[in-house]
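Chains as they are written, first to last, in the numbering used here: chain B, 1 to 402; chain L, 1 to 402.
Honestly, the hints are just simulated from the structure, not real lab data.
Quick reminder that beta carbons are idealized off the backbone N, C-alpha and C, glycines included.
The reader is advised that the hints may include incorrect statements.
[To be verified] Here are the computed lysine-lysine pairs in the DSBU-like style, where the Cα-Cα straight-line distance is at most 30 Å: (1) K18(L) to K399(B); (2) K210(L) to K191(L); (3) K37(L) to K399(B).
[Stated by the list, open to error] Simulated restraints on C-beta separations: (4) D268(B) to G128(L): 29 to 39 Å; (5) D6(B) to R126(L): 47 to 57 Å; (6) A195(B) to R87(L): 30 to 40 Å; (7) A195(L) to P364(B): 25 to 35 Å; (8) K399(L) to P46(B): 23 to 33 Å.
Protein chains: 2
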Amino acid sequence: MSNIQDLIRELREDNSSKIVLLVADGLGGLPMEKGGKTELETAGTPNLDGLVRDGVCGLSTPVLPGITPGSGPGHLGLFGYDPLEHRIGRGILEALGINFSVGPRDVAIRGNFCTVDGNGLITDRRAGRPSTETCVEVCKVLAQIQVPGVELFVEPVREHRFVLVIRGDGLGDAVNDTDPQAVGVKPLAAKGADAASGRTAAVVNEWLDKASKALAAHAPTNMATLRGFARYPNIATMKDAYGLKAAALAVYPMYRGLARLVGMDILDAGGSLETQVAQMEKQWKSYDFFFLHYKYTDSTGEDGNFAAKVQRIEQFDTIIPRVRALNPDVLIVTGDHSTPSKLKSHSWHPVPTILWSPSCRADPVTEFGESYCLAGGLGQVQAKYLMTLALAHAGRLGKFGA
Amino acid sequence: MSNIQDLIRELREDNSSKIVLLVADGLGGLPMEKGGKTELETAGTPNLDGLVRDGVCGLSTPVLPGITPGSGPGHLGLFGYDPLEHRIGRGILEALGINFSVGPRDVAIRGNFCTVDGNGLITDRRAGRPSTETCVEVCKVLAQIQVPGVELFVEPVREHRFVLVIRGDGLGDAVNDTDPQAVGVKPLAAKGADAASGRTAAVVNEWLDKASKALAAHAPTNMATLRGFARYPNIATMKDAYGLKAAALAVYPMYRGLARLVGMDILDAGGSLETQVAQMEKQWKSYDFFFLHYKYTDSTGEDGNFAAKVQRIEQFDTIIPRVRALNPDVLIVTGDHSTPSKLKSHSWHPVPTILWSPSCRADPVTEFGESYCLAGGLGQVQAKYLMTLALAHAGRLGKFGA
């Protein structure tokens, strides 16, 4: 049994319990200096501390010790999917990030505008970093290109970056990047490593040929390179995997996209914690599982702004009473990874985590923080098992064997 | 390496050391109210506390976080077998539970007496819950039935339940339940999902036809349904896997049966802890490994009787000095799962565990209990690795690699 989800499917017992997963993106941190406190330990979090006292805490390892996850694997783990078994390609993530609704027949590809000379040799791999307005305009030109047998979508991202999506049947994604990662050379031709990917490569080469002609008068954005070919991942919905009718409350498109990948309904979350929680309250009776995503604990960490991250954690803390008032059967608070302000980036450090439920075995921890969680009853647990624990505490898993 | 046992086999070094595994069934618990103590934390356990001070403690996860095991997977894990790789079917467990000596050529099946009307439609799926005396009598009728090419055994369980065992060659167990789980319909015919299971289905259909005639005059127990078809699991003995000559001291048939599955000798354990320990003392020189099973910490938990579970734990504590006096090289105290009185059932919560050996690295814990064990040197460990640790401390595992 390599997959915890096969086991869950075998043991599933549906009921009317409700599970809430609150994700403070990049929650885990580091002290700025020796002997200091982390962002979370510095923050005043009376409501999270109360949840720790009533529940069980520990540290979640997003993938494996030492592995720093991106947002994709970080969230898949929290949704109970082994992030090493379910890879989400870069093209798909880029498409999710701009709120493009990718589907099972799609191959998504990251595009870069570049500048080529009269001989077709690349002189600037980023086309002089055009404005996003230019990007939008030139994407409209590319969107006119058609290739028989497939549907094509070209969507701007920003500056020199866009997304190309090919929709069709039997398309593979084992295709090389056409970006040669150098100037003074021509873009590479696309080649497929298998028959299905060969079909994708043929579409792409025809498209690139037509793009070259369509962009001829648009220097410096007079050519494009493609990379990160990715097919839509074959992944069970949370309904299929766990029997949960799940809803996502996320302000940023990327996280809505990740939630949509596992079959969650995407609710109108507005633009703030206030509107997210209000929507959870409004939709409480309609779903078994709510995923609420809070971005700013990550973005402040990436900015290296310790004080701002502390403040964002304190802001996150204020929603806990309203969520508890809804009376969920299981409430989990965690992050998809750590983003220490000190490192200004995602990191591999385990993530402080709380699981609250009437059936949890309380531990002696009284405050929420990285070092306090070391004494917690969850121990150090792989993120992918948090969902199993949630289902167990929700009474949704039967006994394994007699 | 999917199987820890392949590695153990590679590293095995036999010697004359002795390992004792004391299993208090369902040992782990929960406080009855917030801030309270568990059953184990409430119990006065001076001898177990002494063992904790001299040894190392921690928490054992029987299968995976959130997974509640039955007795089968719970014990296989403690015996060092991955319970996800070695499944024990329900028919086999039912046969073990009545002390029927199942073997490698057997398919064991759970049977229910039911009542059918003149058209063969089921009117009562449990035949009006006959007395166990009736069950015994009617099983004698069924035991007369023969089917060419196989040996058949029919053994009463209780009330409407019995066990049918088919002994023969090349019999599969991928056969549907014949119980339609409904009244007003006929029992289903057995069908095999593969050739070997087709042979089993053919035997069973012939047997059911003969049973229908033999029971015609025995209403309300005038028909039978079958479910939980299970072949004897293909599992290495502890002698083959670890080089251990192993003995079991268990009062209840199910646990003797599980021990027999992995090749343990079943010693006469009498009916109490006193007789179990006396037999261990008597047979001390004859075995390398002793498994002692204590049932009442589980049954009191299942009854929801917190006080009785506390008292049973205190009773279990009294045998520790006699076991230590035998001077084992390794002594493990644990449970096969938790059975919190609060939940009145098996649960997924990790199980407090002690490992004592002269070579263990002691930890600062001084008392045996769920929350104390959080600070223990074993950490949170999967049950299947306790056997590896026992072998290591017994000096029975060589170095891996040069």
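Each hint, compared with the structure:
1. Taking the CA atoms of K18(L) and K399(B), the gap is near 33 Å; set against the 30 Å cutoff, the hint is violated.
2. Annotation: proposed proximity of K210(L) to K191(L) holds, straight-line Cα distance about 17 Å (limit 30 Å).
3. Taking the CA atoms of K37(L) and K399(B), the gap is about 25 Å. The hint holds against a cut of 30 Å.
4. At about 57 Å, the CB distance of D268(B) to G128(L) disagrees with the hint of 29 to 39 Å.
5. About 32 Å separates the C-beta atoms of D6(B) and R126(L), a value inconsistent with the hinted range of 47 to 57 Å.
6. Hint check: A195(B) to R87(L), Cβ distance near 38 Å, so the stated range 30 to 40 Å holds.
7. Judged by the Cβ atoms, the range 25 to 35 Å given for A195(L) and P364(B) is violated: they are separated by roughly 58 Å.
8. At about 52 Å, the beta-carbon gap between K399(L) and P46(B) misses the expected band of 23 to 33 Å.
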